[in-house]
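Colleague: For reference, the chains in residue letters:
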Amino acid sequence: MPAMGASPLMPFQRIELDGVAAAVQEQFGSGISLERGSRGVVLAIHLKEPNVLADLSKALFWDVGCSFGGLIVEEHADRWRLCYLFLARGSGWVEVVLEVPATVQAVPSISAGVHAADWFEREAEDLFGLRFEGHPRLGDFILHDQIWPEGVAPHRKPQRKSVNVHQMQFRRRPNPDWRPLLVVQDPGSFAMPVGPVYEGGIGESLHFMLETVGEDVLRAVPRLFYKFRAVEKIAEGQGVSDVLLLAERFAATSSFAHSLAFSLAVERICSLEVPKRATNLRVLLAELERLRHHAGAITGICESTALAVAASQAAIIEEELLRASCKFAGHRYLFGLNTPGGLRRDFVSRDFETLIGAVDRAIEDLRELEDRLHFTSSFLDRLEDVGVVDPSKARDLNLVGPVGRASGRGHDLRRECPYGGYDSYTFETPREAEGDGYARLRVLFQEAYASAGLIHQSIERMEPGPVVALCESFIPGAALGWAEAPIGAALHWIRLDESGIVERYRAITPSFNNWLGFHAAVEDFAFQDFPIILATFGLSATECDR
Amino acid sequence: MIDAWIGGALALFFILCACGLVLSAATRGVYSLRAFVVFSAACSILMMFSSAVALASGHSFAIDLWRLNGWGRLSIRLDMLSAIFLFAAGLVYLPASLFVRNLVEVRFRGRYPTRRYGVLHFALMASVVLILVASDAPLFLISWECMSLLCYFLVNYEQSARMDVRAGYIMLVMSEAGFLAVVVAFLILGRGTPDWSFSSLAGMAEHLSGGAVWGVFLLGFLGFGVKAGLVPVNFWLPRCYTAAPAVFVPVLAGVTLNLGFYGILRLDAQLMSNHSLGTGLFALITGSITALVGILYATTENDLKKMLAHSSIENAGIIVAAVGASLVFHASGYAVAAAIALTAALYHMVNHSVYKTLLFQGVGEVEAATRTREMDRLGGLARLLPGLSVVFLVGCLSISAIPPFNGFVSEWLTLQSLLRSAVLLSSAVKILFALCGACLALTAALAVTCFVKVYAMSFLGIRRGDWRKVPGKAGRTQFPLAYLAVACLLLGILPTYVIPVLNRAVEPLAGASAAASLVPPFFTATPENQQLPPAFVNDFHNLGAQTGRHVLPGRGLVVMVRGSEKNPVVFAMSTSYSFVALAIFLFVTWFIATRSSRQRSVTRHELWAGGIPRLLPEMTYTATGFSNPVRVVFQAIFRPNIVEDSRETVAVHFRTAILRRRDETHLVDRLLLHPVGEAVGWLARLLAEMHHGRLNAYVTYTLAFLLIILVLFRLS
Amino acid sequence: MSFWFWHGLKKGVRSTHYPRKFESAAGVSPGRPVATEFDSATEAVLAAANCPVDAIVARGSAAEVKLERCIYCQHCHYGNPHLLEWNSDYEWTMAALGPGKYQPLPGAYHRSLHVMVVDAGDCGACLHEVKQLNNPLYNMHRLGIFLTATPRFADVLLVVGPVSENMRVPLLKTYEAMPTPKRILAVGACAINGGVFGRAFMSAGGAASVLPVDLLVPGDPPPPLAILHALLAVTGRKNPVAQMASLEGNS
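Protein chains in written order, with my numbering: chain D, 1 to 546; chain E, 547 to 1262; chain L, 1263 to 1513.
With the rest of the complex left out, here is chain D:
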């Protein structure tokens, strides 16, 4: 945690891998064994005993300064394999692996020390029935207790994925005994339910309980997973190309980033060398997607403050970028381009020219819009000091993406853990210290400009050559792929068997991370600020729910 008074914008500091290894070795020497990693992970820490897990994670997160990546639970025939991912800034991913026999029902929880792991453990508890000892709030997460009975563990192996739960013998009527968990206890306090169907009908399906005693809202708790489609379960037993379709389509507004992270994971398993041209093109497409996404997010912020002309102008920019994407790549949301080994199609230089024209126009319009917004005091009044997440909280809750960067975090995988050739590009990662709605808006604008710069760079260094390296055969194993999606760090982890069938697929999404931290921004606020806070966070429910 940064000391009081120190600048929250600390310079980028690399965490050396040897330092990490030495630190954990010194403290937990006998309980662990280290292994230099492969396939995306630079260091694997194998635990011999489950009981050092909590202390080790806490030490990695707070003392060494790693950020938390996520939890991957794997069910093998004879054992559970739990893999906790930590990012050593500048060096790569460190995984802490805990293996326990399949008969074990409970493992220690790390949430008390690493709050960012809270939801990951709840998710695993709901889907696998694993209990996390010491976690105070398990259950009622993905499977809402309101309509789901206890004891369903849908991601366990015996659960057949093709059987729709509707056909099972579950209780399908609302549980009359269910009561929301309300934290505000004031005589006369109540929880205003918002959603799941709300917001003029074009919001995503998610549900909030705004706890209030009237006038000001004291606390807002999102209830997500209305859109839970069990993507990870559906992927099991499918071929790589089919799972790619899934990875591309579970969160369409950042579909290229997800398909890229997935492809990178497959490429790591199969040791595929992606051609130079494809790498460049991927950067181009990923940044095009980021630019388009941020234009959409800016539209949302303008809409939430009811600034109609600005919202319309931003929406025009977004639609023009959608059309440019469609003209360039044949699909408005860049579906169907990525494939393990590169891209599925090539482009000619005329395509680049039209695209660059559209991007430049969009940037010009965005700059004009930003200038005007800076002088619209009624707009700024509604954004400034609204939904503040201070840097220490952002670090505590591991906020990623533009939201984290607006709260002083430098978390950007393109820089901290370069992938897909980003290390050869020059770009700025904007950061702000205030952590309020306006800081988040500024970060969005700056990132959009940076993305345009990256598009220019990638077109300049485009050289002729193939765009795909074909995958001859699959090597069984698991690998991690990651990408900085527009909302933040996206991690895709897969385990393949020898015939290229996916045994376990895990997608860790930035929205999931940030929804966990959302509550930090919505404490003690005026009700009319709620849509604004929501818009400045710009989170996606579908990406979180999967």
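Quick caveat, the hints were computed from the structure, so don't treat them as lab data. Mixed in with the good hints, there may be bad ones.
[As the list claims (entries may be wrong)] Derived lysine-lysine pairs resembling DSS-like cross-links, with alpha carbons at most 27 angstroms apart:
| hint | chain 1 | residue 1 | chain 2 | residue 2 |
| --- | --- | --- | --- | --- |
| 1 | D | Lys327 | L | Lys1283 |
| 2 | L | Lys1272 | L | Lys1444 |
| 3 | L | Lys1328 | D | Lys327 |
| 4 | L | Lys1363 | L | Lys1273 |
| 5 | L | Lys1283 | L | Lys1272 |
| 6 | D | Lys58 | D | Lys327 |
| 7 | D | Lys327 | L | Lys1363 |
| 8 | L | Lys1283 | L | Lys1273 |
| 9 | D | Lys327 | D | Lys276 |
Predicted model only: the values in this text are computed from it and were never measured.
Please arrange chains E and L on chain D, whose structure you already have, making use of the hints.
Modeller: Frame of chain D; chains E and L shown alone:
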């Protein structure tokens, strides 16, 4: 002839009262209850009858009783002012008597000890009537004291909790203090009087010096103000109303509260007609502050009964403000304006008695059916008690001054009379009038908020508490409530018939007729309207003011306030016509709706509620939440002490509770009661210390005292 | 804030003329695969085998397209030797019960159609495209089509997403809360038959398995103009294309 009717009715009243008292004491169980209800109802009808005869004929009834040594003759006189208060009392006593039966059968099912209650009830009834008809100070004061004591016994009747006893005790202490103030006022007023009848006291008032006028006025105003519930002597009222049994609260709010106004009018308006401007302004300002404070606490209160008690304070404030305005106009020589303001005050007094009785009885029914009065725990009563919900809605609409119900008429008149301050000369007074007017307008707006909250939180929505409906024939007969609801409506849509009646009492007090200017005779042809210019009358006739002319008796159906020559603005309203228009509109809407939806099929599904599986009580607005904006805006007045505490398990991230407690001390308690209590405590401690000194100290005290005496003697 | 007003005016009218004129700006639609004649039946079979969701059916030497199943993976667009022809239109709304089986809403709804959108587990693309209809370039208000936040005002229920299990109850409640007459639109491949999620563990496999769907809008996602075409078809201002048959593969 008329004397005989009135006298006979009054005599019969006292006889029936005595019979009722004896019978309800002598019989047991169901017979006691029957005797109680029958005699009580008969007595109330006689109250209304005698006063109605007096009001209809305009004839005052007077009779001398026996002589009291040294105090002159005891005498009775039913004049127009008494008649109006008597009629209002009868109007309330009738449903209150019938309601006892309702409630006793539902809530106690025969276990209610009606015997002792009957005795107290009839005694109180008799003393109330005696107060109203007494025309000399001794009889008035004796009956007043009886009334105070009986109220104390009745408030403590159920004596279920310690708090109740304490509340009654505070009321008794305050009543006695007020009584003493009134006695002193009478003694100052009647210094050297030959006899203590009101008429000779009125003669004495003319010789009082300015200071004595202020003294009598203030003592009387505050002394009677205790019963009327004026700031700052009203802190007993909410506690006592909450503690009083449900059968008795309607009487407290509908009858004894009015006695306070009666006292103020009798002593300060009638007996002392030589006011300065200042006394009137004092009343106006006190009234306005009382109204605002009352409605603020009513809006934020969640206990139905306590809320109604605070709302009574608000209404008392409005009435007293109108009385104050009338006194100011009177002192400035604007008799018509004074008459209008006084009419407004009396009208509002009658209205308040009616709707407050209705609301208190409604709350009694609610409490009987659910065993709770907490709005945060109620909700959805409309489905449980459909009949009650309709009449309660009428009460809420009336008290929130929504046309065409009665509250609207009297509040409209009150605000109009304040607007007439334009005629006054002093700009300082005008500013005060404007401020008080703004205060009352704010009060009216908050009253709407308050009663929207009351109705919505208790009757609409879904049930929030874990209470169960008490089995039994809840509201076995809705007659008392329906009767009051109809009274609310009639007083609302027939103001042009009510105002001339009130005018009979107002005219002698104010020295001018309010009816002549408020209710212009639009039903008669133009030449007969001497006061109004023909063109003006023609304008109104073109607007339809004479509609119903040959069908209805009376002067017209338009109430109107005309400005002076300098300020020729006209405010006119007609709740009668708007009621007819509203009724037609509603009927046509209903007709079209039923006609057009005849072929449509109706399907019923669960509430949509944004798609959540089930809407839970925890997810609906609470009364606290609804009124919280008022709490936030008026934070400076409420001065809440909010304690927030957070609990968590494992780590700060896992918060389990945000505990918030909000403590408030009532404004009057904070500014008056507690400082006074502390001062008294300090004084007592000082005295106690003097009791425990050493011998040397006492010797010193004695020596010092002796020295002082010697010095004083020497000096004189 | 007057400069916003001026700024808005300066940008001029950008709305499409769509129902009057065909909108031909580049990129408004990804187009769609159309039935293609190949040299031999083998080639047609190979082309059909290319499709991961069986949206291409080989019939003789021709490959026919069942657009309602298409998820726009573009496998038949580039990257292999057996490609289908693509055209670039966007008017492809179909009647769910087959050609000619759709009864449009009466004339009173022509210029006042209120649409309730329910996200039943959508990936965000279809929802986003519906949202685009509100932007100045499409501006569906000019056609009297409005989005509404409450089902009580809604005439059309627009469902996107494969109907995830947790959204089943909210979706049904929304449908029940709508007054009749009402029409249901399934927008996007997921809402039609579950798309890539199919009928699986937590996915009901499309809106049709829960509700009586009236019109289908294929596409993954369908571009805004295709959705607009569907909304116009609801009131009979445009006709659903009398093309591919029904959902028999789904039942």
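Colleague: Which constraints among the numbered hints does this structure fail? Numbers only, ascending.
Modeller: 2, 4, 6, 7
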